[in-house]
Amino acid sequence: MKKRFEVLINGEHCKACGVCLEFCPQDVLGVSEQRNKAGFYPVEVKKPEECTGCGHCALMCPDACIEIYRVPMEESVQS
Amino acid sequence: MSETRAGHTEAEALYHRPAGLTDVQMRYCPGCTHGTAHKLIAEVLEELDIIERTVAVATVGCSVYAYEYFNTDAVQAAHGRGPAVATGIKRASPETIVFTYQGDGDLAAIGLSEVIHSAQRGEKMTVMFINNAVFGMTRGQMAPTTLVGQKTTTTPLGRDPEMSGMPMMICEMLSTNPGVAYLARETMIDPKTVRSAKRSIRKAFQTQIDGAGFSLVELISTCPAWWHKTPLEAMQWVRDEMLVQYPLGVFVDYDG
Amino acid sequence: MTQRVMMTGNNAVAEGAIASGCRYFCGYPITPQNDIPKYMAEHLPEVGGVFVQAESELASINMVYGAAATGAYVMTSSSSPGISLMQEGLSYMLGSELPCVVVNMVRGGPGLGNIGPAQSDYWLATRGAGHGDGRCLTFAPDSVQELHDWTFEAFGIAQKYRAPVMILGDALLAGMSEPVRLREHREPPPRDQEWAVGGLREGRQRRIVNSLWTDVEVMEELNQRIAARFSQARENEVRWEEYGADDAEIVLAAYGISARVCKTAIDDLAEDGIKARLIRPISLFPFPVEPFREWSERVSRIISVELSMGQLIEDVRLAVEGRCPVDLVGHSGGVMLTPDEVVCRTKELL
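Residue numbers (my numbering), protein chains in the order written: chain A, 331 to 409; chain B, 735 to 990; chain C, 22 to 371.
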């Protein structure tokens, strides 16, 4: 079965350092227009369908804000 | 099968927040690789299934609150004394896995004696040494590991060896110490180096589990705030400057 | 009753610790207490204990801190300059509410000083557990037997108040031999304190040993907790001995080896028709205020006899609250007092 990937970002812990944006080879991520409680514009998932599950964003995130899950095709949430 | 915080099964997780971390938001500056180091240690604790028998020794510096982040028992040590405190814990409770988390001010300045002698005794402990060439918490002073020419608040014209000596090479210094069983220098500036850092951290803890002796991983880290750089510029500066002074590699491996 | 054996003060301390259940000792060489680590290094392994020779007193006290955090009975010993170095660790132990036993065989100071007997660390012990609002619960034996007994008792007291306990001896007590009735060995108690780290968590909440509280109100709560324990110690742990005339006209205040000198002096004074009484504080902190308050109403003056330029005298004056004059007969820097000198000076001051 073909898999898609769900990228979950803890927007309240994100400090908008931008490291994940730099290391995502697929431009899946972008910056939110809403500030979080700490006053940062957190990173959010812009193009989930482009994610290949390489994990670079999560690997590089210094705040452990990013989680990635493999989701069966029919269950994946298309936003 | 246990569920992750997001409600998925572990099997579906390509990457999840490691169980070795608490839910507390780390206080580090944006882009600071202290967080990356914490994350890697926490992953290793989870993978080796030692969270429930580990004591973290937090020291003094930016990582002073490490005891809030690691999901383990923890002891807060005085500045530089982490390895002595860890010695006491390990000797009194040998079944416990003990690690210290120390910055370059803590380990290489005020605590140099404690780390060298703990290594000398071959204490079965693990030291995580964060080298970012500057005192962070106290506002950017020169560290023993500050590069020649590097500007800090106490070397405003750049570190001058005539005035304040040369950078301290902890791994090279410890590599001749017979009590050391595993010793590596890593960095965390791209996926490849992060993966390599994790391998060394895992090996260091495995060294302790095996009872082989003292283990230390030096992590060349960034300090965007006191380097006055963006997080990505700081990573580039590690590549261009820090790694020239501090070459990466495994210095001692009892197992290889 | 067990037979008495001849033993030095240092060895009696070490044997008292092992008998009490102490299994961990970290120390660094310094005269005149070197026989304590020597005894520990020889005998701890026989009972499954661990001796670590540290690289400095800074390291010793921090090893003690680590071992204490696991709930174990742990001890270090040193002498004056080494105890200065341990002040940082003592402060952290008090701040982290950890128990330990520290033995100080006091020598002449300040600075490198010498290895003669002295009592010039009274303040260091009773006022100092390093920086912060702390002090050490301090006990001052005056014989080899008492060194043995108080070291034995000190571990339980430290656990009860979750604080460092200091045994204050001196170079003379450390080195002299006297008959001692040794305590029966007891097993180390289980490490079931609700604050102890390490071992297998087996599902229990994680524990943190820490003295960092950036919230000032939480920090004050810690200080209040420590102060409350010290108040409790004032209720329960005050110890002193009195010796000499029940209708004395003058009181000598002395602890430790000086008290031994004073006992002889009091006997000599009695032969000359002078009625004197010794009040010997055994607990220096908490200080035995009551006997001094009582006797200050009944005598013409109190003389503080001590091997320092006047440290004990301050606690005596605080207890006396001006009700009678308090004078000092003191030597310092390793010079010993003699009974004859105490007799002469007492006669002069009367």
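FYI, nobody ran anything at the bench for these hints, they're computed from the structure.
Watch out, some of these pointers could steer you wrong.
Claimed, not checked - Here are the simulated lysine to aspartate or glutamate pairs, EDC-like style, with alpha carbons at most 20 Å apart: (1) K284(C) / D361(C); (2) K926(B) / E352(A); (3) K181(C) / E242(C); (4) K367(A) / D757(B); (5) K284(C) / D267(C); (6) K296(C) / D268(C); (7) K181(C) / E118(C); (8) K963(B) / E379(A); (9) K59(C) / E199(C).
Status of the hints after comparison with the structure:
{"no.": "1", "hint": "K284(C) / D361(C)", "verdict": "11 Å, holds"}
{"no.": "2", "hint": "K926(B) / E352(A)", "verdict": "14 Å, holds"}
{"no.": "3", "hint": "K181(C) / E242(C)", "verdict": "19 Å, holds"}
{"no.": "4", "hint": "K367(A) / D757(B)", "verdict": "16 Å, holds"}
{"no.": "5", "hint": "K284(C) / D267(C)", "verdict": "14 Å, holds"}
{"no.": "6", "hint": "K296(C) / D268(C)", "verdict": "7 Å, holds"}
{"no.": "7", "hint": "K181(C) / E118(C)", "verdict": "11 Å, holds"}
{"no.": "8", "hint": "K963(B) / E379(A)", "verdict": "33 Å, violated"}
{"no.": "9", "hint": "K59(C) / E199(C)", "verdict": "19 Å, holds"}
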